[in-house]
Structure formats: structure tokens, C-alpha cells
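Chains as they are written, first to last, in the numbering used here: chain A, 1 to 250; chain B, 1 to 482.
In case anyone wonders, no lab produced these hints; they're calculated from the structure.
Even for Gly, the Cβ is constructed at its ideal location relative to N, Cα and C.
Check the hints yourself; a few may be wrong.
[Unchecked claim] Below are the PhoX-like pairs computed for lysine-lysine, each with C-alpha atoms no more than 25 Å apart in a straight line: (1) B:K459 - A:K138; (2) A:K102 - B:K459; (3) A:K102 - A:K113; (4) A:K102 - B:K455; (5) B:K266 - B:K45; (6) B:K278 - A:K138; (7) B:K278 - B:K167; (8) A:K52 - A:K102; (9) B:K278 - B:K471; (10) B:K400 - B:K281; (11) A:K127 - A:K138; (12) B:K471 - A:K113; (13) A:K140 - B:K322; (14) B:K381 - B:K426; (15) B:K281 - B:K266; (16) B:K58 - B:K45; (17) B:K471 - A:K140; (18) B:K199 - B:K45; (19) A:K241 - A:K16; (20) A:K241 - A:K192; (21) B:K281 - B:K353; (22) A:K67 - A:K5; (23) A:K140 - B:K278; (24) A:K102 - B:K471; (25) B:K400 - B:K347; (26) B:K347 - B:K261; (27) B:K426 - A:K52; (28) B:K368 - B:K410; (29) B:K168 - B:K261; (30) B:K67 - B:K347.
[To be verified] Covered stretches of chain A (chain B as the covering partner; in silico rule of three or more C-beta atoms under 8 Å from a C-beta of chain B): (31) 31-45; (32) 79-90; (33) 94-103.
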Amino acid sequence: MELIKIRDLHVNIDNKEILKGFDLNINRGEVHAIMGPNGTGKSTLASALVGKPDYEVTKGEVIFKGKDLLEMEIEERALEGLFLAFQYPVEIPGVSMINFMKTVVDARREYRKEEPISPVDFLKLVKRSSELVGISDKMKGRAVNEGFSGGEKKKNEIFQMAMLQPDLAILDELDSGLDIDSLKQVAEAINKLRNENNAFLIITHYQRLLDYIVPDFVHIMNDGKIVKSGDKDLAKELESKGYDDIMGLN
Amino acid sequence: MEEVKNKVIDELSNKDYEFGFTTDIEMELAPKGLNEDIVRFISEKKGEPQWMLDYRLKAYRHWLTLKMPKWGHLDIPKIDYQDLSYFAAPKNMPKYESLDEVDPELLDTFNKLGIPLEEQKRLTGIAVDAVFDSVSVKTTFQETLKELDIIFCSMSDAIKDHPDLVKKYIGSVVPYTDNYFASLNAAVFSDGSFCYIPKGARCPVELSTYFRINTAGTGQFERTLIIADEGAYVSYLEGCTAPQRDENQLHAAVVEIIAEKDAEVKYSTVQNWYPGDKDGKGGIYNFVTKRAICKGNGSKVSWTQVETGSAITWKYPSTILKGDDTIAEFYSVAVTNNHQQADTGSKMIHLGKNSKSTIVSKGISLGKSQNTYRGMVKFGKNAHNSRNHSQCDSLLMGDKCGAHTFPYIKVENNTGIVEHEATTSKIADDQLNYLKQRGLGEEQAVSLLVNGYAKEVLKQLPMEFAAEATKLLSISMEGSVG
Ligand SMILES: Nc1ncnc2c1ncn2[C@@H]1O[C@H](COP(=O)(O)OP(=O)(O)OP(=O)(O)O)[C@@H](O)[C@H]1O
Ligand SMILES: [Mg+2]
């Protein structure tokens, strides 16, 4: 079943066109990987989809769960089930992880006209999610991302994803900053969260992550659009041949 | 983008004051104006002894020689002191033996304010002394306190029942000659709370006072006196609200705290007087003198304030560290919005050896408001090995508001250390976007960020107050963005 449909998406930053006619369909239950040289617009795609201001959509359409995504505010897109694990998560000083998660979980429940989560259920959810991702109690007690190491910040993104269970999660360079063991654990967590109702869009430079989270589709992006698509073998091919060769084959 | 921000900031300005109701009770008012007869009238109404009247008259005569201070970073419209009434009391209700006797309207007012005078509050362990306009209404929790010989009553009662204590301490920290408003207060103070913790006693409950101005055209002048004798401990909470009125109302309180040897006093305020409307009409003028003395060696005083209300705030809770090895702290969050002006901070006067003080001030400015931190740290000649650490942070939201910092440092003894840090920041867009991406709306995101920013101060508040303060901050923030 179709989850998101991106058609001919053009996005400007500072009047400079970065996305130049991006097309992609993702169905529920699928995992897509996007690879591509630095500066080709992968993070821009993620930012434009979640609705960060300053990303000006000049053309195209995005239909998410049957609704016009581009019409929605940033928080509305999130509440509808779109999640971005940021390439560079920001620190929120003074706001405890627990307070943050409770506020966020309840915002989602309110959007669905549900009662706030009970403290017991909330703590259960926190426990389950943190065990899944490998978040220590110490980290949970601290302010959001404050003083977290690069890897801890990345884990924290996946912890939040586990808490919120979005329909579509975009993971922007999740593998950067994670050590081998953490990468494995986080990948396993994602595999456990994978089901026929949700979908993942994984932005990465390396095959390694895709060894753990096996994608259904791999897309290669260059200069603001997808230039080649294939199955998981495309990533392997890319690893051995490099971009020039692969894109030259196009 | 700018347009959106401005729109949100404008929306914030339309936010209503939650406590802007008035109560319809028959009031007994002093005639407008200020002269010796009015001072006598107040004293007589309260059935005061001669010495108290003499004190008031001395203060009044001194006040006549003073001029309103101009050094604040404040634009204060001229106040006509002859156009105010200096005493207002609900008719026929100077004192109650039980809650049954209290006017139901009055009780209703307190309930609207969320201050249940009844049993509920006992559960949370707060003894409440509620000051409504000029008269102290009812002090709860008396029995528990009595067992420990703790005195917690209205100032009027203290003057009658504990004259020796009042005589000994009143004006000992803030003399009537101290400043314009302290002088005025000493002359016409209406009521307030009195609290005495005897030697070695730890007050088992938070003592709490709620102030409310109700009557139009009146000034409110509370006088609070807190004495912690040797080795005693008390935590004291103060909350304030006022109805919404077009004209400005004057509030000039004095708080004095005395900590004897090894005593500890924690004083927390959540100030939510009516700030005026979005065009700056109405609101309370809050000119308050609060000062403590760490009189005995090893004593400690801690001030925590969350200031969100008042049209104009002029307030510097200060501590004189007279004893050796004394500790003083000042934690403050001041939010100004619309046309509000706040000039607030603290003075730490170190006289004793090894005295330590900490100042943490967080200013948050929105709308067209002006938010000033003014502080003074002084090390006297004998203040060997003393220390002060001051941190003053300002958060600006929007581009029409102002934040200012005036730290003064006077050092007469070079064996100590004074540190001062100051920062000015805006709420970062990437933080806001991060929170929004998780599903929080603008207001919720800003309020979370602001509470995070103020965390260091909020965590100093007693539990029940902290929740209230967090809520209050969120309300003050509604619709804002940096
Ligand atoms: N805020 C911005 N202002 C101006 N240019 C920007 C901004 N953000 C991104 N760009 C430019 O847009 C282009 C695409 O950037 P983007 O971050 O999307 O690349 P990417 O594919 O994610 O690269 P990487 O693999 O290095 O993460 C780059 O040329 C970048 O310099
Ligand atoms: Mg990127």
C-alpha cells in the first residue's frame, strides 16, 4: 500500500535549486536506501519532506498517507507519522529526556484524540525502547542530547523513533558516528521495528549499514535527483566500482 | 519567515491574564490621600500600640524628605500619591476564628486563585497566610506550628501578641530610612506575615503567603518579617495576583529576613501581579524592598524568584553576609512581555570571613518589554576569603524587546574571588525545528525550551511551587518565538 509519493520535487535554498525533479514512491513495509556523492541533496530532501522552514518547494507534489504533505506545518507532518533521525541532532539544554519524551508522546496522543499516557505505560514504553536501542539510564536522566557523544546522539534518535513508532522514518547518515557494536545494535533495533505497516528511507554512504538493514530498493542520487535505482545489489556494486563508474553506466 | 514570527509575537500579546477577576465584597476604604491623619487612621484601625504609631510617623516624616529614585532602567509614569487610598479592608472582618465565618465570596476568590485555604492544603504541607488587600484573612496549620513554638501569623497580630519580637527586629534589616518605597511602606504598611522559628526548630511545613490586590485605587503595602533563631530552618513561599484594571495599582512591600547563627531560610516567590494589557494599559507597579541578613556565623539565606507579572518591577532581594562562613543565594527568572519593564537583581554584601554567595539570573524578554539585571557584589574589609559567583543570562524573543545587565562590584578585601558571567541568546531555530519535528507546536516547543533555559532556577523551588511556576512560564510564553 502506498505510503508516500514524491513527484517532480524541486527545492530551493537561498534561491539556489538543490532538488531538481526528485521522484520516489514508497509503499508500507518497504525499506529504501538513498546513496550519492556529498552535496547532491540527500539531506535537503529529508529537510524538505519534514517541512523545515527555508526549504522552498518551487514545484512538484508529495502525497503522504493520501494527504498533501506540502500543505502541512512541520509539527503536523510529524504528528501524521513522519520522523527524521537528524544527521546532526541538536542539544536542548535543561530539558530532561524524560520530560521531553512525555511531552512528545502526549502531543501525539492528543492529536489522535487520546488521553495522555499513564505514567506506568509511559515508563514501560521507555524501558522497552531504551533496551531495544541500548540507551543507558544515565542518558535518560540527562538533558536532550546535552553533552552526548556523537554516537549517543545517533542512538538517541533511534530511541525516540522507537518511542514514537512513525509510519515513515527517514534516517540521515545514521551510521556516521556509531561504533561497530552500536551500529549492529541500532540496526537490529530497526529490524525489530520494521513491519508491514511502516517504511524506512535510509540515507547512507556505506554498504556496511545495508548489510545489517537489508533494503528492498537502493537509489543513487546525483545533482538533485535519482539517477539510478536497483535492489540491494546496487549498493554492493557501488561499493566496488564507485560513483563515477556506476553513474557512467547510466 | 519574519512575518510569521511577528504574527506569533503579536498573538502572544493578546493573551489574557488568567487571574483578572474582581471580587464583590463590601470594602472599608481609607479616604484618598496621604498625610499624618491617614497614618494615624491606619494605625488606629489596626488597634496598634503607641510605639508602632510613633514608628510609622517617623517613617512618614522621613518619606516627605525623599524623592523617588531615578536610577532604574525604567520609565515610570508620575505617581500621584495623594490619589491613592492607603487602607482597604473587607468590612466587618478583621479576624476569623474558623473558615465558616469567612465571606463565601472571599473564599471563592481564593479558590479561583487555586489557593484552597481548607484541609486540602494541609495534605501538601503548606501553611497559608492569605493577605487580601490589606487584611490577613486566615492562617492555617496553626496547631502543628504551635507544638514547635513556631509563630506564623499576620503582622497585625504579631504587633499585638509578640510586641517584643517585632520591636526588636522590625526595621533592623530595612530601616525606614533605607529608600523611598521602604520609607513609604514603614509609614503605611497594612499587613503582611510574621514568622518566628525558635532555636533549633525545623519548620516541618512550607510556610506560604498569598497576596492579592482587589480594590480599585488602593495601594498595597505588606510588611513581612521572618526570623530564624539559632539553628532554625524555614522554607517560605510567596505568591501574588491581582485583578485586571485599567489604572495602575501600587504595590510597595518590604520583606526582612533575619538568620541567626547556623539558621537557614529559603524564600521563594512566584510573582504574577497583573502586568497590564498588550498596549501597556494598567498593571501593577511593584516596588519592593527585600533584604536578608545572615547575622550569625554559619547561617544561610536563599532567595528564589519567578517574576512574570507587574507592569513595572523594581526589586532586588539582597543579603548581608554579616557572619563568618555564611552562605547566600539568589536565583531568579524574570519574564517580561508586551510593555512590561523589570529592573531586578540582587545585592550581596559580604562582611564576614569565608562568606559565599551565588547569583543566578535568567531574564526572558518578549514583545516590547525591557528586562534589566542590576546587581551588586561587595566584599568588605574583613570579608577574608569570600567568594561570589554571578551568572546573568538573557534570552531575547523577537526584536522589539531589550535586555540589559548592570553588574557592580566593590572589593575592599583582596583575598576573595568574584566571578561574573553573562550571556545573551535567542532561541535557536534548529532547536525549535527539532522539537517541532517531534510533533510539538510552536507554543509547546518554546515553552519547553524556556523551561529548559530556566531549569537551574526552577529546580530551586519547592516541589509544589515548581509545577506552578512551570505552568506560569508556559502561559507567559504562549505564542512566542525567537
Ligand atoms: N542552508 C543552506 N544554505 C545554502 N546552501 C545549502 C544549505 N544547506 C545545504 N546547502 C547546499 O545544498 C547542497 C545539498 O546539500 P545536502 O546537505 O542536501 O547534501 P547531502 O547530499 O546531504 O550531502 P552529504 O552527503 O555531505 O551529507 C549542497 O551544495 C549544500 O552546500
Ligand atoms: Mg547530508
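Inset, instruction - For the pair supplied as a hint, K67 of chain A and K5 of chain A, confirm whether the alpha-carbon distance does not exceed 25 Å. - result: Within the cut-off at roughly 10 Å; holds.
Inset, instruction - Go check the segment 94-103 of chain A versus chain B for me, would you? Three or more residues, Cβ under 8 Å, otherwise it fails. - result: With 5 residues close enough to chain B, the hint holds.
Inset, instruction - Mind checking the alpha carbons of K400 of chain B and K347 of chain B for me, to see if they're no more than 25 Å apart? - result: Roughly 29 Å between the alpha carbons, so the hint for K400 of chain B and K347 of chain B is violated.
Inset, instruction - Measure nothing beyond the straight line between the CA atoms of K67 of chain B and K347 of chain B; if it is 25 Å or shorter, mark the hint as holding. - result: holds (22 Å)
Inset, instruction - Measure nothing beyond the straight line between the CA atoms of K102 of chain A and K113 of chain A; if it is 25 Å or shorter, mark the hint as holding. - result: holds (16 Å)
Inset, instruction - Starting from K199 of chain B, check that the Cα of K45 of chain B is at most 25 Å away, please. - result: Between K199 of chain B and K45 of chain B the Cα gap is close to 34 Å, so the pair fails against 25 Å, i.e. violated.
Legend entry - Proposed proximity, K353 of chain B with K281 of chain B (alpha carbon, max 25 Å): Roughly 48 Å separates the two Cα atoms, so the pair is violated.
Inset, instruction - Given the hint that K140 of chain A pairs with K322 of chain B, test it: the Cα-Cα distance must not exceed 25 Å. - result: Not satisfied, since the Cα-Cα distance of roughly 43 Å exceeds 25 Å.
Legend entry - Restraint check for K381 of chain B with K426 of chain B, where alpha carbons must lie at most 25 Å apart: violated (40 Å)
Inset, instruction - Verify the proposed pairing of K278 of chain B with K471 of chain B, using a straight-line Cα cut of 25 Å. - result: Satisfied, since the Cα-Cα distance of roughly 20 Å is no more than 25 Å.
Inset, instruction - Given the hint that K58 of chain B pairs with K45 of chain B, test it: the Cα-Cα distance must not exceed 25 Å. - result: holds (19 Å)
Inset, instruction - Could you grab the alpha-carbon distance between K459 of chain B and K138 of chain A and see if it respects the 25 Å cut-off? - result: Between K459 of chain B and K138 of chain A the Cα gap is close to 19 Å, so the pair holds against 25 Å.
Checked against the numbered hints given earlier, the structure breaks hints 5, 6, 7, 13, 14, 15, 18, 19, 20, 21, 23, 25, 28 and 31 and satisfies all the rest.
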